[in-house]
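Protein sequence lines correspond, in order, to chains A, B, C and D.
Position in the first sequence (first residue = 1) + 6 = this note's numbering.
Position in the second sequence (first residue = 1) + 6 = this note's numbering.
Position in the third sequence (first residue = 1) + 6 = this note's numbering.
Position in the fourth sequence (first residue = 1) + 6 = this note's numbering.
There may be inaccurate statements among the hints.
Which copy is meant is left open, because identical chains are indistinguishable; a pair holds if it fits in one copy or across any two.
Said to hold, decoys possible - Mimicking BS3-like on lysine-lysine, the simulated pairs with C-alpha atoms at most 27 angstroms apart in a straight line are:
{"hint": "1", "residue 1": "Lys18", "residue 2": "Lys113"}
{"hint": "2", "residue 1": "Lys113", "residue 2": "Lys99"}
{"hint": "3", "residue 1": "Lys96", "residue 2": "Lys10"}
Simulated from the structure, these hints should not be mistaken for lab results.
One-letter residues, chain by chain:
There are 4 protein chains.
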Amino acid sequence: MELKARLRTHYKYFLNNFQTRWSDNDQYGHVNNAIYYHYYDTIINQYLTTRCSLIPTRSPHIGLCVHSSSDYFRPIEFPATLDLALAVTKLGKSSVTYEIGVFETGKEDVCAVGSFVHVFVESAGRRPVAIEGEIRTGLQQLVVERESDEDKASKL
Amino acid sequence: MELKARLRTHYKYFLNNFQTRWSDNDQYGHVNNAIYYHYYDTIINQYLTTRCSLIPTRSPHIGLCVHSSSDYFRPIEFPATLDLALAVTKLGKSSVTYEIGVFETGKEDVCAVGSFVHVFVESAGRRPVAIEGEIRTGLQQLVVERESDEDKASKL
Amino acid sequence: MELKARLRTHYKYFLNNFQTRWSDNDQYGHVNNAIYYHYYDTIINQYLTTRCSLIPTRSPHIGLCVHSSSDYFRPIEFPATLDLALAVTKLGKSSVTYEIGVFETGKEDVCAVGSFVHVFVESAGRRPVAIEGEIRTGLQQLVVERESDEDKASKL
Amino acid sequence: MELKARLRTHYKYFLNNFQTRWSDNDQYGHVNNAIYYHYYDTIINQYLTTRCSLIPTRSPHIGLCVHSSSDYFRPIEFPATLDLALAVTKLGKSSVTYEIGVFETGKEDVCAVGSFVHVFVESAGRRPVAIEGEIRTGLQQLVVERESDEDKASKL
Numbered sequence: 007m008e009l010k011a012r013l014r015t016h017y018k019y020f021l022n023n024f025q026t027r028w029s030d031n032d033q034y035g036h037v038n039n040a041i042y043y044h045y046y047d048t049i050i051n052q053y054l055t056t057r058c059s060l061i062p063t064r065s066p067h068i069g070l071c072v073h074s075s076s077d078y079f080r081p082i083e084f085p086a087t088l089d090l091a092l093a094v095t096k097l098g099k100s101s102v103t104y105e106i107g108v109f110e111t112g113k114e115d116v117c118a119v120g121s122f123v124h125v126f127v128e129s130a131g132r133r134p135v136a137i138e139g140e141i142r143t144g145l146q147q148l149v150v151e152r153e154s155d156e157d158k159a160s161k162l
Numbered sequence: 007m008e009l010k011a012r013l014r015t016h017y018k019y020f021l022n023n024f025q026t027r028w029s030d031n032d033q034y035g036h037v038n039n040a041i042y043y044h045y046y047d048t049i050i051n052q053y054l055t056t057r058c059s060l061i062p063t064r065s066p067h068i069g070l071c072v073h074s075s076s077d078y079f080r081p082i083e084f085p086a087t088l089d090l091a092l093a094v095t096k097l098g099k100s101s102v103t104y105e106i107g108v109f110e111t112g113k114e115d116v117c118a119v120g121s122f123v124h125v126f127v128e129s130a131g132r133r134p135v136a137i138e139g140e141i142r143t144g145l146q147q148l149v150v151e152r153e154s155d156e157d158k159a160s161k162l
Numbered sequence: 007m008e009l010k011a012r013l014r015t016h017y018k019y020f021l022n023n024f025q026t027r028w029s030d031n032d033q034y035g036h037v038n039n040a041i042y043y044h045y046y047d048t049i050i051n052q053y054l055t056t057r058c059s060l061i062p063t064r065s066p067h068i069g070l071c072v073h074s075s076s077d078y079f080r081p082i083e084f085p086a087t088l089d090l091a092l093a094v095t096k097l098g099k100s101s102v103t104y105e106i107g108v109f110e111t112g113k114e115d116v117c118a119v120g121s122f123v124h125v126f127v128e129s130a131g132r133r134p135v136a137i138e139g140e141i142r143t144g145l146q147q148l149v150v151e152r153e154s155d156e157d158k159a160s161k162l
Numbered sequence: 007m008e009l010k011a012r013l014r015t016h017y018k019y020f021l022n023n024f025q026t027r028w029s030d031n032d033q034y035g036h037v038n039n040a041i042y043y044h045y046y047d048t049i050i051n052q053y054l055t056t057r058c059s060l061i062p063t064r065s066p067h068i069g070l071c072v073h074s075s076s077d078y079f080r081p082i083e084f085p086a087t088l089d090l091a092l093a094v095t096k097l098g099k100s101s102v103t104y105e106i107g108v109f110e111t112g113k114e115d116v117c118a119v120g121s122f123v124h125v126f127v128e129s130a131g132r133r134p135v136a137i138e139g140e141i142r143t144g145l146q147q148l149v150v151e152r153e154s155d156e157d158k159a160s161k162l
């Protein structure tokens, strides 16, 4: 399935009625491409802190971003409110790959789809650690099946 | 009255459940001081666009910020949600002074109080113009009486 | 002296050729008012970290912003480069008031003047502490005399 | 060649001594992942406006971002200054793919490598247009050969 066909039903967790900001719009009058990554960071960390007991300033393990990407399908303009949608597409031993969908509140077509990879590390030494406990339990609840690239290739 | 005693009842318009963002927190683990001005800009422009028919990219008149200030009373930390509160403390011929209160959702003590002055200008030539029509009508609905500095001085 | 007459000679420390960013411009095609506070934060903390041995993540004392303000005189547009200029207008026991001037590289007229108050606190308990050692020595080097409000009033 | 082995010699245009900002650091004390995209936007648009005569508010054609990605190899901390490096890895009829390298001033190891795709459109109707004139000439000067994914696969 193409990313631009994503629906809300392809995701597991939502941050609804998320208010865009005046300064999100750039001089072309729409939300600047870099701002979407602030949205991705927000829904991921809001989930980790409110649902997985992560306390960024005190937790022994934290998630560091090692890769991210975004595809943009439809422009958004402040003062739109958004429904941010989150899924986990891969949960490894110490890394997790998230997919984020950006929808305008009240509209169906997805505006952008992002991918974001966290590696969990010791907050002190920053060496990779296994994802365990409440964080693993929390992330497992967001896991979805996505057609892999190989699957897509095999269907060509 | 001291600014730090501001209550929600001192304001006329609200943007509730405003989601802070991961990147709002600076390395001291709380919302960075500069970020509050993004909040102020957001509630003011959200009011102007949704209640006063301002269309920033097409309106003949736009508001430019010529002065702003903020006092900070209590730190805020992502992932808190906020109730932003707006009032107009002075409505002149071509300029308007806003006051913004920042409250955490579910808490009573004000976290910060901002002041923000817009001068309305022609979007093309950027010369000051009189505030008229829907914008004046909209702003009048937010006007509140605030003790002036002279009043405060006279009571000393 | 009016703020809009400030010259580079009214300041003591400079961060020259400071590059504006694409996302600094808002949809009116000029640097957004809130962005100036990011500039103020940057020159102040760049001075504290490079000249006063402040290490934000480890220093026992840190500066918290309790008040800030800005006056805007001339718009700036990305991709301009700026000369940020810093002075200390008041150095108290535990607080310091900075003034920041924003100039475009190669131009003389000041674009904006900001004021910013830091209270130094224990990084752990966040209680005010006396400004001492390298931080006081560093800040003293930036102190300038500014006409006080009382002086200005007495000359009316 | 792996992205993390990129050197300054792999790029064609530089924005040196680029000052990071206080608010770029997140609560983990390093530059937030989303901020890198602001850097990418800045070097690309600084090149387009200063070398290719693009005037964002008035040019008939503008570049819209349709895809971006970033890999992160080494953390950066404010107040570091950066050398941003730019190349064009694909120049199509109406789209261009940039690669951006982020280096700390005075250090050799690349900190992050970004990819960014602009589609040029009419600024009015936002329909794709051919990249022509000074913009094409300017972009051609940044073109570099990069091993394609197929090449890499064939060498395995």
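Which numbered conditions among the earlier hints are violated in the structure presented, ordered from lowest to highest?
-> 2
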